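Number of protein chains: 2
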Amino acid sequence: MMKISEKELTRRGFITRVGQGLVATGVTAPLLKNAHAQLRVPDPPGKKLGWAIVGLGSLAINQILPAFAKCEKSKVVAFVSGHPDKANKLALRYNVNPKNIYNYQNYDSIKDNPEVDVIYIVLPNGMHAEYTIRGLQAGKHVLCEKPMASTSAECRQMIDAAKKADRKLMIAYRCHYEPYNKEAIRIARAHELGPTQMILADAGFAAGDPAQWRLHKALSGGGSMMDIGIYALNAARYLTGEEPTEVNAMSFTDRNDPRFKEVESNVIFQLRFPSGVIANCSSSYSYFHQSHYRVMGTEARLEMDPATWYNGNRMWIERGNKIEQIELQEADHFALEMDHMSDCVMQNKEPLTPGEEGLRDLTIIEAVYEAAKSGKTVKL
Amino acid sequence: MMKISEKELTRRGFITRVGQGLVATGVTAPLLKNAHAQLRVPDPPGKKLGWAIVGLGSLAINQILPAFAKCEKSKVVAFVSGHPDKANKLALRYNVNPKNIYNYQNYDSIKDNPEVDVIYIVLPNGMHAEYTIRGLQAGKHVLCEKPMASTSAECRQMIDAAKKADRKLMIAYRCHYEPYNKEAIRIARAHELGPTQMILADAGFAAGDPAQWRLHKALSGGGSMMDIGIYALNAARYLTGEEPTEVNAMSFTDRNDPRFKEVESNVIFQLRFPSGVIANCSSSYSYFHQSHYRVMGTEARLEMDPATWYNGNRMWIERGNKIEQIELQEADHFALEMDHMSDCVMQNKEPLTPGEEGLRDLTIIEAVYEAAKSGKTVKL
Chain A
1311 MMKISEKELT RRGFITRVGQ GLVATGVTAP LLKNAHAQLR VPDPPGKKLG
1361 WAIVGLGSLA INQILPAFAK CEKSKVVAFV SGHPDKANKL ALRYNVNPKN
1411 IYNYQNYDSI KDNPEVDVIY IVLPNGMHAE YTIRGLQAGK HVLCEKPMAS
1461 TSAECRQMID AAKKADRKLM IAYRCHYEPY NKEAIRIARA HELGPTQMIL
1511 ADAGFAAGDP AQWRLHKALS GGGSMMDIGI YALNAARYLT GEEPTEVNAM
1561 SFTDRNDPRF KEVESNVIFQ LRFPSGVIAN CSSSYSYFHQ SHYRVMGTEA
1611 RLEMDPATWY NGNRMWIERG NKIEQIELQE ADHFALEMDH MSDCVMQNKE
1661 PLTPGEEGLR DLTIIEAVYE AAKSGKTVKL
Chain B
1311 MMKISEKELT RRGFITRVGQ GLVATGVTAP LLKNAHAQLR VPDPPGKKLG
1361 WAIVGLGSLA INQILPAFAK CEKSKVVAFV SGHPDKANKL ALRYNVNPKN
1411 IYNYQNYDSI KDNPEVDVIY IVLPNGMHAE YTIRGLQAGK HVLCEKPMAS
1461 TSAECRQMID AAKKADRKLM IAYRCHYEPY NKEAIRIARA HELGPTQMIL
1511 ADAGFAAGDP AQWRLHKALS GGGSMMDIGI YALNAARYLT GEEPTEVNAM
1561 SFTDRNDPRF KEVESNVIFQ LRFPSGVIAN CSSSYSYFHQ SHYRVMGTEA
1611 RLEMDPATWY NGNRMWIERG NKIEQIELQE ADHFALEMDH MSDCVMQNKE
1661 PLTPGEEGLR DLTIIEAVYE AAKSGKTVKL
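Respectively, the protein sequence lines represent chains A and B. Our numbering puts the first residue of the first sequence at 1311, with every later residue one more than the last. Our numbering puts the first residue of the second sequence at 1311, with every later residue one more than the last.
The following block holds chain A by itself, in its conformation from the complex (with noise of 0.2 Å):
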């Protein structure tokens, strides 16, 4: 039986303290923060690269087309797309050259654009090899949307062609940007919790429309696992800084549900790591949403939740008999990924999450499938 159960741990208690060198100064901070910003008059722009969007589905539109708007070191000069008039509307709001709107028979010719230095690849996943290959063979750099595509075999010919080319490529991992994500990386492995004994880590919605793409194996390459649940096992991996060697997994998928005549839904899967962490996932496009991570030390437990939103993520450490919120001046994770990019081209720099890091998430996928098809644990 426990021994702690004399405690009194209330969420209402929550005590906050000030982030690593940020404002925050308990409830009314967001206000404060919000208020902070706006009067905050920014530096005029260095050099900013050009980019094209290729692309432009509803992430491109809500979120990374907004984001421009926030970077210092990245500029919207391109657009790739199959719907001109979609293009041709986007260029008129985001001041593009309408010169510079291509389709995908002459996506090719962009390689004669010196205004373009780096392609956006924000396609469906199947549709992402392809895409940043021929990228890249035109001489531009590439960020590329996770999960970076729908096989590892894939994953490594885009790496092989960025070599080829002599570009650098990157996967957009926006959580390894951001200022939650980087604290709680920072905390776990600092150890402030005492050493991390185990990952939980939980991520899924429920999938609407069974026309969208996401449903529809080409164009996805598979389901929830990598849509979602890659979330949950990125998170297991930046969070303990390692790699796993080992999984196991469990899934299940209602075939009768129109939206899963293709994919996955629910999968549960748990990987162990070289220091002895073991992590419990789980992914879903059947259950009503969760973004959630709880990395269990031997002192303390830190929890996110949501872990991995766009905005307005949350995060909290119980310690003891208290809970301490901790607040962080949140910023725009595209923002900061495609600054990430462009400071990478301009320095010569590899970026954190380069093709690499998205080939680990595509073998640990397979993996993932594979022991929840063969019902034994797949070796890494």
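Fair warning: there could be bad hints in the mix.
[Said to hold, decoys possible] Derived list of chain A stretches under chain B, where covered just means 3 residues or more per stretch with a C-beta under 8 Å from a C-beta of chain B:
no., region
1, 1500 to 1514
2, 1547 to 1560
3, 1584 to 1595
The hints are simulated quantities; they were obtained by calculation from the structure and are not laboratory data. Bear in mind that the values here come from a model prediction, so they are computed numbers and not experimental data. Glycine included, each C-beta is placed from N, C-alpha and C at the ideal position.
Given the coordinates of chain A, assemble chain B onto it according to the supplied hints.
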């Protein structure tokens, strides 16, 4: 990518609903509830059965003996202990006749004591089978702490002994009797969250003194899975109302830690249920404590944290973009389960958590150990 990123869900923004016919009105409710409880004058007791407590450790002293004050159908009348000093002291406090103090040698003579109707086994796990069987053979009904025994084979012997003696045998799964977990069961099984897709359940704490009986296999039967992981396992079963058909597991124990020379520490395990629900669970003697579960339905999720403490448990439901805290009148878990047992004896009814319930958990725990060892899914 998730479409839910715009929502601003805050844990501070809890809204409160009145529980199912129970007093609850927001933040001040706990105080009001206490005041209410203090003012209510209990009815004069009806018939109470006489209970003997076997094993006077911290659970008996701190939880079980004080709980008799809240029982309607149960009174403590006898002790069985290897420590006469402790037994005599407690006999004074609880008005137990000194002639009703037994030791482990003369325990069987309890059969001649008509004051004792029910025996409650609160010994280390490794002694459960022997003292339960001897109690049944003495013609008494037995409530036995969980885990029921060290092995499923012992559980079967205990069930057989109860049948042979025609006595009741109940296992002390107190969470089946207390309002919060009962309400979670009702909500999940009524599909108020939509059909359940996944259960996530975690239970563990950092074990202290290496000399304690829990860390010695002969007394404990096993490590964290037996003592605390059983809460996560049992929750997955009671929240679904189903029996698992498959088990995966992975474990890690630091054998250089003086606490873990004999028993396991960290275990993660997965369960598949016939309806398609899959469960991801964890157990630990090494991590900072947690007692937690999430029921992931298609339309909402129910969370309890803490979920299975003696008191102070908290429950909330997240649905749409609202978090709804559910506050219920707390009640003493031990008083509830003891009165259930007394009632079953008086009414000749089968307990809600009979020996078979304990056997099912032990069978699954053995499967967890086997799966962790073999690296293969164990089918049940």
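Flag every earlier hint the structure violates by its number, smallest first. none
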